[in-house]
Amino acid sequence: MSKVQLSNVTKTYPNGAEAVRGVDMEVESGEFIVFVGPSGCGKSTLLRMVAGLESVTDGQIQIDDRLINDVSPADRDVAMVFQNYALYPHMTVHGNMSYGLKNRGMPKQEINAKVVEAAKMLKIEDFLDRQPNQLSGGQRQRVAMGRAIVREPKVFLFDEPLSNLDAKLRVQMRIEIKRLQRRMNVTSIYVTHDQTEAMTLADRLAVINEGKIEQMGAPIELYNNPATLFVASFIGSPQINLLPAMFDGQYLSSGDLKLEGFVDLPQSKELVLGIRPDELRLSDDGQFPMRVDIVEQHGSDNLIYGAILGAEQESDEETEFCFKTSQDMLPELESNLTLGFDVDRALVFHKDTGERLR
Amino acid sequence: MRNWNWRLISTHAILIVGVLFMSLPVWVAFATSTHSAEHILRNGLQIWPGGDFLSTYNEVLFVEGGVMKAVLGTTMLKNSLILGIGFAIGKVVISMLAAYAIVYFRFRLALPLFWIIFMTLLLPLEVRIIPSYEVVSGLGLLDTHVGLIVPLIASATGTFFFRQFFLSVPDELLEAARLDGATPWGFFIDILVPLSKTMIAAILIIMFVVGWNQYLWPLIMTTKEENYTLVIGIKQIYQILAEGGELPQYQKAFALTILATLPPVLVVLVFQNWFVKGLVESEK
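Chains as they are written, first to last, in numbering that gives the first Met the number 0: chain A, 0 to 357; chain B, 0 to 283.
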């Protein structure tokens, strides 16, 4: 049970590139934190700084109030699961899991007991004598986790551990990681670019963009109340629908469309209206005429993609919306629908700063 | 069908000529070594084996005065083995350590140092043979195994091979080992050396053969007969032949030559699987 504290953590590479720019964060004991963001946003660098694999340019990292900026990775009492597992190919599963303990000078019997216990927990006790190249991807992932578990570290670090697995296995392992973390109650930091993984695993979610935390909070909080345009568009699948718009004091207008019900917005500034696909509904007096382009049937629900007629265009392409509906609604392609939305649940952002206005 | 036959026949003819071209001299040397000195002197080189195989090889290997004045063939064989094995192991150890330093320790001069090591490939032993001799004789190491082996074991080729191999080992392994609390030595011994084992085997084999065939350096280094290697022994026995005196013992010279080629051949035959593996495959 340990907490992790980052204050003003910064990473600048020798070539001047700023990977992380002043991150402040407090991870509570036993909490599952997920860093999510596009590739190159600095989330992995941040994790590797906590692990001690990257030096800290500025700021402080503390585990349980102990400053660890200059402590070697081995002495930080953290364990990490790597994206490509990083198992030692010439060692057996048992060897892989026990190597860290052996280096710490633990007696052999104790090591054995711990390895067997962890292997049982991960259901890999039958493979202890095999080498990694005799295992499937999912089994290797379990071994990598086993290697972390036997150490009984203060903090678990996961660096995109599921991205090498196929879709089905990924969901399975995701649930298992969550269950394991609950059971062991170890503070964990998990890096991913997959927003579904982020939403489902996290106690709290940190959306990272260009080396900074855009917003941090419970996943559902970030989904319902994104602080910026970036968070709104990154969290949620399918993506939020965005519409460029202007406010003239009475209407929020986008091209030929005039939307009623908005008040207290800055006038003659470029704005962006955001509406989640599941906030849209079919309605005869709706505000958006849509021409259906593609219908994706996902089973329980359908996703209908189409151009919003008359809306302002960002580029040459027409502004597309996604509309999430139940499986029995199956419109003809090229047919027109009229969609409505609830003004109270719509989000409005400042286009340039990305700041949320309502 | 006819065309196909001709192609098959001509291909095989070329292959057979090639095989004969390569192996016939070795066979002639062997066949000649099994005849008596008088027979060879009268009839020249022999293509069929004679009846003196056991007596000649016995004399060469085990009888004092059989080849040299005092030293036995087995002693020279032993010296050659010590040189070959010491040379190979020394080269592998030194070049692995050098490559480890260059790849994993990011000191400032790592790259220039690597290129300096690499450039020494252009400087063969012959170029530095006099200063090397000076150093070794100054240290009082003439006529010792240490003096024979140590000046030869720095290896640019080996360093280069191991460097390329280490560069291809994923960084995550190092990072995982660091988190697992491995020391730099621990990582080298526990992870890197086992990963390189096929590579090590391949280089050991090549270097054993190279070391076994060393000629110039042992020739300069050794003054006493009991330190001669087989290769030097062959040279000496031909010299004795040239100086004349008694009946030239051609059969013994050939026997010694055959004995000198056997160990490298055996090593390659026995370890060829490892050798090929080391060159083509890397399990990571």
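None of these hints come from the bench; they were simulated from the model.
Some hints could be false.
To be verified - Which chain B residues face chain A? A few, computed with CB under 10 angstroms, are given here:
| id | residue |
| --- | --- |
| 1 | GLU63 |
| 2 | PRO123 |
| 3 | GLU125 |
| 4 | ILE129 |
| 5 | GLU133 |
| 6 | LEU166 |
| 7 | PRO169 |
| 8 | ASP170 |
| 9 | ALA175 |
| 10 | ARG177 |
| 11 | GLY180 |
| 12 | GLY185 |
| 13 | ILE190 |
| 14 | PRO193 |
| 15 | LYS196 |
| 16 | LEU265 |
We treat Cβ as the ideally placed atom computed from N, Cα and C, and that holds for glycine.
Exercise for review: Kindly indicate which numbered hints from before are broken by the structure, ordering the numbers from low to high.
Suggested key: 1, 2, 3, 4, 5, 6 and 16
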